[in-house]
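Number of protein chains: 2
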Amino acid sequence: RRMPADPAAFVQQGKKIVAIGRNYAEHIKELSNDAPKEPMFFLKPTTSYLPAGGNVEIPRGVNTHYEVELGLVIGKTGRDIPQADADSHIAGYALAVDMTARNMQEVVKKKGHPWSAAKGFDTFTPISAYIPKSAVSDPNSLQLTLKVNGVTKQDGNTDQMIFKIPRMIEHISSIMTLEAGDLVLTGTPSGVGPVVPGDHVTCTLTDSTGKQLAALEFRAVQREGGYSFQP
Amino acid sequence: RRMPADPAAFVQQGKKIVAIGRNYAEHIKELSNDAPKEPMFFLKPTTSYLPAGGNVEIPRGVNTHYEVELGLVIGKTGRDIPQADADSHIAGYALAVDMTARNMQEVVKKKGHPWSAAKGFDTFTPISAYIPKSAVSDPNSLQLTLKVNGVTKQDGNTDQMIFKIPRMIEHISSIMTLEAGDLVLTGTPSGVGPVVPGDHVTCTLTDSTGKQLAALEFRAVQREGGYSFQP
Ligand SMILES: [Mg+2]
Ligand SMILES: [Mg+2]
Ligand SMILES: [Mg+2]
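Heads up: the protein sequence lines correspond to chains A and B, in order. My numbering runs 9 ahead of the 1-based position in the first sequence. My numbering runs 9 ahead of the 1-based position in the second sequence.
Hint data in this document are derived by calculation from the structure and do not stem from the laboratory. Note that the structure is a prediction, hence the values are computed from the model and not measured. Don't take each hint at face value.
Said to hold, decoys possible - Part of the chain A face toward chain B, derived, beta carbon under 7 Å:
1. Thr55
2. Lys85
3. Asp89
4. His122
5. Pro123
6. Asn158
7. Ile184
8. Gly234
9. Gly235
Said to hold, decoys possible - Calculated lysine-lysine pairs in the DSS-like style (CA-CA distance at most 30 Å, straight line):
10. A:Lys46 to B:Lys119
11. A:Lys118 to B:Lys38
12. A:Lys119 to B:Lys38
13. B:Lys220 to A:Lys120
14. B:Lys142 to A:Lys120
15. A:Lys173 to B:Lys118
16. A:Lys118 to B:Lys142
17. B:Lys220 to A:Lys119
18. A:Lys142 to A:Lys118
19. B:Lys156 to A:Lys119
20. B:Lys119 to A:Lys118
21. A:Lys220 to A:Lys173
22. A:Lys38 to B:Lys38
23. A:Lys118 to B:Lys173
24. B:Lys85 to A:Lys120
25. B:Lys119 to A:Lys173
26. B:Lys118 to A:Lys46
27. A:Lys38 to B:Lys120
What the hints assert, rightly or not - A few chain A residues that face chain B, going by a derived Cβ cut-off under 7 Å, partial list only:
28. Lys25
29. Met49
30. Leu52
31. Thr56
32. Lys118
33. Ser125
34. Gly129
35. Phe130
36. Tyr139
37. Phe238
38. Pro240
Think of the CB as a built atom: it goes at the ideal place given N, C-alpha and C, for glycine as much as any other residue.
Sequences and hints are given; from them, build the entire structure.
Set out below in structure tokens:
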């Protein structure tokens, strides 16, 4: 049996990405969705990680959207984690983008099919360097920004999250054990939209004092070969 | 960076479970679903593995169904794997049960929500010992059986699969890289149904000569604490 994953090496060693959907009211409105009564989540494969500076590959026929999000890196394995203990299971943070095949997602939503393909393409989770917890005084007041070709598209604050971090950890771990090295994506603020080949995307995570905790950039390129979406 | 996972230790070391849905015509009919035009898949977390002989925990309020399936254990990492090369990426097999929170799944299908929670509870993937490829002469003519309390409920053959193994590997790997240690579940034949606390479930995998390749058993118990489904 292997040792538990090292949280600082979560991109290489972690086993799952659990992503919360619909956690900012303005983003729910922009996609005409209903607000969930409990946190809603889906899985992304760790094969979707893209380290900062890489290329997001846009699959053929796919309208690919960015969603900038705060990531929680799990440091201690747990099940049925009470909200009061949630913080002790978090080792650190990361800045991430939950890339989404929006036109595929719209089709599977209508059909009642799984989201896994629409969320799970290779390169669909651009990810920053690991941010140790000691660098973050309050994860509930962090500013997330995303620019496409220098134009600000998303500019939200984690204080707008509907379900707070302890409630997310409690909910997910009441269904599936969270393991050291897992990443929890906490949802995106409003302003999501498409990226097309050639676009340059830059993101920042800043605390309430203005200190930058992470930056992340990538370029979008056309994926050669692979899956082609034909609606 | 860690070494690639050892396929024989896929339960401990593997990172993802990719499960094909609706791959047997009789099962599609029994759930009144439409047949997909291309393989349909979803992700299960590896925290759902339950080694043979353990207890499947039925969450409160959840109608939990069994689905017996052939599992493919990936031995060599690959992306955009052509059908002709698919076999070289398979290291071995396993007998698995894709436990499903059916009443939760029906609700999320109607709402267009993700399947991840309904498929991803801890203990929801009972799994046999690893079967090395050398023990299996033809994966396309294996008999899968599942009994509840000694009564046969599922009795199907992999020769009834709509999408064959090379097509599944090609499709999944055109979207997400398949890594050594990943498991692909290939869909379930007809006969799915509920298990309730106290039930004893036994499954077998047999080849066309009658040789038993794997057996798997578990008991169902009521899950204490954790998530409670309230539709
Ligand atoms: Mg998202
Ligand atoms: Mg996984
Ligand atoms: Mg299944």
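Right, here's what the structure says about each hint:
1. At about 6 Å, the closest approach between the beta carbon of Thr55 (chain A) and any beta carbon in chain B falls short of 7 Å, and the interface hint on this residue holds.
2. Interface hint status for Lys85 (chain A): violated, as the beta-carbon distance to the closest one in chain B is roughly 14 Å, over 7 Å.
3. Nearest Cβ of chain B to the Cβ of Asp89 (chain A): about 5 Å, under the 7 Å cut. The hint holds.
4. For His122 (chain A), the interface hint holds, since its Cβ comes within 7 Å of a Cβ in chain B; the closest pair sits about 6 Å apart.
5. Below 7 Å, beta-carbon pairs count as interface contacts, and Pro123 (chain A) has one with chain B at about 4 Å; its hint therefore holds.
6. Taking 7 Å as the C-beta cut-off, the interface hint given for Asn158 (chain A) is violated, the closest approach to chain B being about 27 Å.
7. Of the supplied interface hints, the one on Ile184 (chain A) holds, with its beta-carbon coming within about 5 Å of a beta-carbon of chain B, less than 7 Å.
8. The restraint placing Gly234 (chain A) at the interface with chain B holds, with a minimum CB-CB distance near 5 Å, inside the 7 Å limit.
9. With a least beta-carbon distance of about 5 Å to chain B, the hint placing Gly235 (chain A) at the interface is held under the 7 Å criterion.
10. A C-alpha spacing of about 16 Å is found between Lys46 (chain A) and Lys119 (chain B), which places the hinted pair at or below 30 Å, so the restraint holds.
11. Under the criterion of a C-alpha separation no larger than 30 Å, the hint pairing Lys118 (chain A) with Lys38 (chain B) is consistent with the structure, at around 21 Å.
12. A threshold of 30 Å between alpha carbons decides the hint, and for Lys119 (chain A) with Lys38 (chain B) the separation of about 20 Å falls inside it, so the pair holds.
13. Taking the CA atoms of Lys220 (chain B) and Lys120 (chain A), the gap is near 41 Å; set against the 30 Å cutoff, the hint is violated.
14. A C-alpha spacing of about 36 Å is found between Lys142 (chain B) and Lys120 (chain A), which places the hinted pair above 30 Å, so the restraint is violated.
15. Taken as a hint, the Lys173 (chain A) and Lys118 (chain B) pair is honoured in the structure, with Cα atoms around 26 Å apart against an allowance of 30 Å.
16. Among the hinted pairs, Lys118 (chain A) with Lys142 (chain B) is inconsistent with the structure: their alpha-carbon atoms are about 37 Å apart, more than 30 Å.
17. Simply put, Lys220 (chain B) and Lys119 (chain A) have alpha-carbon atoms about 44 Å apart, too far for the 30 Å limit, and the pair is violated.
18. For the hint pairing Lys142 (chain A) with Lys118 (chain A), the CA-to-CA distance comes to about 36 Å; that exceeds 30 Å, so the pair is violated.
19. Our distance criterion of 30 Å between C-alpha atoms is broken by Lys156 (chain B) and Lys119 (chain A), whose separation comes to about 35 Å.
20. At most 30 Å may separate the alpha-carbon atoms for a hinted pair to count; Lys119 (chain B) and Lys118 (chain A) meet this at roughly 9 Å.
21. Under the criterion of a C-alpha separation no larger than 30 Å, the hint pairing Lys220 (chain A) with Lys173 (chain A) is consistent with the structure, at around 22 Å.
22. With a C-alpha separation of about 37 Å, the suggested pairing of Lys38 (chain A) with Lys38 (chain B) is violated against the 30 Å cut-off.
23. Distance hint between Lys118 (chain A) and Lys173 (chain B) is fulfilled; the C-alpha atoms sit about 26 Å from each other, no more than 30 Å.
24. For the given pair, Lys85 (chain B) sits about 33 Å from Lys120 (chain A) by alpha-carbon distance, which is inconsistent with the 30 Å threshold.
25. Between Lys119 (chain B) and Lys173 (chain A), the direct Cα distance comes to roughly 27 Å. Compliance with the 30 Å bound is thereby established for this hinted pair.
26. Restraint check: the Cα-Cα separation between Lys118 (chain B) and Lys46 (chain A) comes to about 16 Å, which is no more than 30 Å; the hinted pair holds.
27. The suggested pairing of Lys38 (chain A) with Lys120 (chain B) holds, with an alpha-carbon distance near 16 Å, which does not exceed 30 Å.
28. The beta carbon of Lys25 (chain A) comes within 5 Å of a beta carbon in chain B, closer than 7 Å, and the hint placing it at the interface holds.
29. The closest approach between the C-beta of Met49 (chain A) and any C-beta of chain B is roughly 6 Å, which is under the 7 Å cut-off, so the hint is satisfied.
30. Checking Leu52 (chain A) against chain B: minimum C-beta separation of about 4 Å stays under 7 Å; hint holds.
31. The criterion of a C-beta within 7 Å of any C-beta in chain B is met by Thr56 (chain A), whose closest approach is roughly 4 Å, and the hint holds.
32. Because the smallest distance between the Cβ of Lys118 (chain A) and any Cβ of chain B comes to about 3 Å, under 7 Å, the interface hint for this residue holds.
33. The criterion of a C-beta within 7 Å of any C-beta in chain B is met by Ser125 (chain A), whose closest approach is roughly 5 Å, and the hint holds.
34. Proximity of Gly129 (chain A) to chain B holds as hinted, the smallest CB-CB distance being about 5 Å (cut-off 7 Å).
35. Hint on Phe130 (chain A) holds. Least Cβ distance to chain B is approximately 6 Å, under the 7 Å limit.
36. The restraint placing Tyr139 (chain A) at the interface with chain B is violated, with a minimum CB-CB distance near 15 Å, outside the 7 Å limit.
37. Here the hint on Phe238 (chain A) is broken, as its CB sits about 10 Å from the closest CB of chain B, past 7 Å.
38. Below 7 Å, beta-carbon pairs count as interface contacts, and Pro240 (chain A) has none with chain B, the closest being about 11 Å; its hint is therefore violated.
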